[in-house]
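Chemist: Sequence:
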Amino acid sequence: MRRFDLIEPKSLQEACVIIGDDPEAKLIAGGTALLAIIKQGLYLPQTPLE
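Residues 208 to 257 (this note's numbering) make up the sequence shown, in order.
Honestly, the hints are just simulated from the structure, not real lab data. Be a bit skeptical, because a hint or two may be false.
Estimated spans, in silico, between C-beta atoms of each pair [said to hold, decoys possible]:
#	residue 1	residue 2	range
1	Gly248	Asp212	17 to 23 angstroms
2	Gln247	Lys217	15 to 21 angstroms
3	Lys246	Leu219	27 to 33 angstroms
4	Ile244	Pro216	18 to 24 angstroms
5	Ala240	Ile214	27 to 33 angstroms
Bear in mind the structure is a predicted one, so any value in this text is a computation, not a measurement. For glycine and all other residues, C-beta sits at the position ideal for the given N, C-alpha and C.
Assemble the whole structure, with the sequences as input and the hints as a guide.
Modeler: Quick look at the structure:
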């Protein structure tokens, strides 16, 4: 599995700043399903935000 950094912003404002600064940032929910998809190589977010 490829490495990535999970970002956990403390506020909506912080999340908005991260998304604005990084076009690869993606909002995620339901990490269990996402982890399975990443392990299968179907999707790898560059900058996932929980």
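Chemist: A separate judgement is required for each hint: does it hold in the structure or not?
Modeler: Checked hints:
no.: 1; hint: Gly248 with Asp212: 17 to 23 angstroms; in the structure: holds, 19 angstroms
no.: 2; hint: Gln247 with Lys217: 15 to 21 angstroms; in the structure: violated, 31 angstroms
no.: 3; hint: Lys246 with Leu219: 27 to 33 angstroms; in the structure: holds, 30 angstroms
no.: 4; hint: Ile244 with Pro216: 18 to 24 angstroms; in the structure: holds, 22 angstroms
no.: 5; hint: Ala240 with Ile214: 27 to 33 angstroms; in the structure: violated, 19 angstroms
Hints 2, 5 from the earlier list are contradicted by this structure; the remaining hints agree with it.
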